[in-house]
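Going down the list, the protein sequences come from chains R and P. So the first sequence is numbered by the working numbering: it starts at 227 and just counts up by one. So the second sequence is numbered by the working numbering: it starts at 186 and just counts up by one.
Rather than coming from a laboratory, the hints here were simulated on the basis of the structure. Just to be clear, a hint being listed does not mean it is correct.
To be verified - Okay, the calculated bits of chain P under chain R, using three or more residues with CB under 8 Å as the criterion: (1) 299 to 313; (2) 318 to 331; (3) 340 to 354; (4) 372 to 379.
What the hints assert, rightly or not - Quick list of the computed label-pair ranges, beta carbon to beta carbon: (5) P:His289 x R:Leu382: 52 to 60 Å; (6) P:Asp442 x R:Pro327: 23 to 31 Å; (7) R:Thr302 x P:Ala383: 53 to 61 Å; (8) P:Leu431 x R:Asp233: 54 to 62 Å; (9) R:Ser258 x P:Thr418: 50 to 58 Å; (10) P:Ala379 x R:Met419: 52 to 60 Å; (11) P:Ala266 x R:Ala510: 22 to 30 Å; (12) R:Gln256 x P:Leu431: 55 to 63 Å; (13) R:Leu382 x P:Ala383: 17 to 25 Å; (14) P:Ala198 x R:Met419: 27 to 35 Å; (15) R:Asp233 x P:Ala379: 24 to 32 Å.
Using N, Cα and C, we set each Cβ at its ideal position, and we do this for glycine too.
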Amino acid sequence: MSIDPKDPRLLRGAPVRQRILDDVQAYVAQHSNIGRIVSVSIGDIPEVGIYVRNQARVAEKVQLPFDQEYWGADVTQEECKARIQKMNDDPDVLGVILQRPVPDHINVRSLQSAIHPLKDLEGMNPASIGNIIYNDVALAPCTAAAAVELVRETGLNMEGLEVVMVGHSEIVGKPAAMMLMAEGATVTVCHHMTRSVAMHSRRADVVVVAVGKAHLIGADMIKPGAVVIDIGINQTDDGIVGDVDTASVIDTAGWVTPVPGGVGPVTVAILMRNATVAHQRQVAAGWLN
Amino acid sequence: MAATKIDGKAFAAQVRGQISEHVQRLKDDHGITPGLAVILVGEDPASEVYVAAKHKQTVEVGMASFEHKLPADTSQEDLFALIDQLNADPTVHGILCQFPVPDHLNERDVVARIDPAKDVDGLSVVNAGLLASGETGLVSCTPLGCLMLLRDQLGNMSGKEAVVIGRSNLFGKPMGQLLLQENCTVTIAHSRTADLPAVCRRADILVAAVGRAEMVKGDWIKPGATVIDVGITRIPHPEKPGKSKLLGDVDYAEALDVASAVTPVPGGVGPMTIACLLANTLTACCRAHGLVEPEGLTA
Numbered sequence: 227m228s229i230d231p232k233d234p235r236l237l238r239g240a241p242v243r244q245r246i247l248d249d250v251q252a253y254v255a256q257h258s259n260i261g262r263i264v265s266v267s268i269g270d271i272p273e274v275g276i277y278v279r280n281q282a283r284v285a286e287k288v289q290l291p292f293d294q295e296y297w298g299a300d301v302t303q304e305e306c307k308a309r310i311q312k313m314n315d316d317p318d319v320l321g322v323i324l325q326r327p328v329p330d331h332i333n334v335r336s337l338q339s340a341i342h343p344l345k346d347l348e349g350m351n352p353a354s355i356g357n358i359i360y361n362d363v364a365l366a367p368c369t370a371a372a373a374v375e376l377v378r379e380t381g382l383n384m385e386g387l388e389v390v391m392v393g394h395s396e397i398v399g400k401p402a403a404m405m406l407m408a409e410g411a412t413v414t415v416c417h418h419m420t421r422s423v424a425m426h427s428r429r430a431d432v433v434v435v436a437v438g439k440a441h442l443i444g445a446d447m448i449k450p451g452a453v454v455i456d457i458g459i460n461q462t463d464d465g466i467v468g469d470v471d472t473a474s475v476i477d478t479a480g481w482v483t484p485v486p487g488g489v490g491p492v493t494v495a496i497l498m499r500n501a502t503v504a505h506q507r508q509v510a511a512g513w514l515n
Numbered sequence: 186m187a188a189t190k191i192d193g194k195a196f197a198a199q200v201r202g203q204i205s206e207h208v209q210r211l212k213d214d215h216g217i218t219p220g221l222a223v224i225l226v227g228e229d230p231a232s233e234v235y236v237a238a239k240h241k242q243t244v245e246v247g248m249a250s251f252e253h254k255l256p257a258d259t260s261q262e263d264l265f266a267l268i269d270q271l272n273a274d275p276t277v278h279g280i281l282c283q284f285p286v287p288d289h290l291n292e293r294d295v296v297a298r299i300d301p302a303k304d305v306d307g308l309s310v311v312n313a314g315l316l317a318s319g320e321t322g323l324v325s326c327t328p329l330g331c332l333m334l335l336r337d338q339l340g341n342m343s344g345k346e347a348v349v350i351g352r353s354n355l356f357g358k359p360m361g362q363l364l365l366q367e368n369c370t371v372t373i374a375h376s377r378t379a380d381l382p383a384v385c386r387r388a389d390i391l392v393a394a395v396g397r398a399e400m401v402k403g404d405w406i407k408p409g410a411t412v413i414d415v416g417i418t419r420i421p422h423p424e425k426p427g428k429s430k431l432l433g434d435v436d437y438a439e440a441l442d443v444a445s446a447v448t449p450v451p452g453g454v455g456p457m458t459i460a461c462l463l464a465n466t467l468t469a470c471c472r473a474h475g476l477v478e479p480e481g482l483t484a
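If we strip away everything but chain R, and leave its shape as in the complex, we get:
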């Protein structure tokens, strides 16, 4: 069953992305010496190339300088750390993106922790995560922030909203839960050990799904009129699909994000917005003029 791409029940990422990018572009235009984003890819991992090209294209659109560094697969952990530290000290480096996955011999968590929190555009340093927990949500992990932005797009007042987060990953589920709670929602986090996800999702005003299981959430798991945010990206024989059976859910939900075209496009825009936030914080910290 196919859905009309103009169906108003689809909560599409494109307009949200455009609005964020317009703001970023305006900011960059006012700050000509904003410095450059450095993207670091380690080893030759094909799927990483797709992300980087996408990010570079969006950065170019908003006129943020974007450097692509490719480090060989044989680079050592120590060498990576030393190079990141150099970027921390370089006033011309606005922020660092560490592309994943990395080769097996590299400890990605340790490198993420090495990126200074004020240059941590992906919000992955423990101190950045801690700031999210403490309600300082400006430099948040991009996918989680994109999910929140799409909920906001519905115009619903988030105070007192019942939110069910399906999936408790460190990069998406937990930060998204904390951010929605900071907005005043009552958040329940479900995961693989939850006895009945349906029992929770059926009473939710907002269901956010990030588990990586194609079409896990069907119409029978959704309360009529609910907002459904689908973060899953699953490669199947029918192409890329989300964790939500969009075609079935659309007749029950009030809003549902499509995959592709929902959360994904907003995520990259958030990355660019994080770059402007990082700039503001670096100025406030007295690093820049």
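Dock chain P against the given chain R, drawing on the hints supplied.
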């Protein structure tokens, strides 16, 4: 059938006993004495009572206790100089600054100054982030104490419905993270929650931390639930004029009829907090020396 009263006082004593044995082994086998430094700025009477209690228990388990009492007008610069000195001191494994501090000092900046590896209160953003990322850090004492009581009471918590009332940085949020790590399905409810009694009634594990006396009634509790009461409200004693009485967030008498186990106030969670402070100091000491951490004393 009446619920079990969870005796936090006895359990805390047991935890301190375990810590004390481990401290003795560290001394005997490695010549190491774990050390806790407590900083008190100003003369808040309640804080002085807490600091004295911490000092007494630290010494009782065989650790070194370093007390630093500073005048109320201590500048941030001088306080930071002391923290820097303690950060660098290899005989100090845990540093705690007793809150509240006088208004001219910012609590968050004070915590941020403490080396995260010595932040035995577990309140720095780095430790909050490590907990949320499922990585090794130091966990805030009161939630850690509740976790220990729950583990003792329930064993495996996987798949249980847990509800935490209250979303404070100090307690609700770390408690929620800890319960998620135990594979509970976790809801954090708070002042904006639409139907709080209904949310609470789902809970196999109900943890209340809002500071509103006897707010949680018997009919908010699922039959057979385990109820942990973190709230403390002091009221004038109804029968003894001039005396005061402590009440929790849970109507204890009503809860006893519905729940399977309940912590009383006082004597439930309270005594666990200092025990966990000592547990964190011991854990930090073992990590600083690259030694095996004692089991069951951290998340």
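Numbers of the earlier hints that this structure fails to satisfy, in rising order: The structure conflicts with hints 5, 6 and 10, although it agrees with all the remaining ones.
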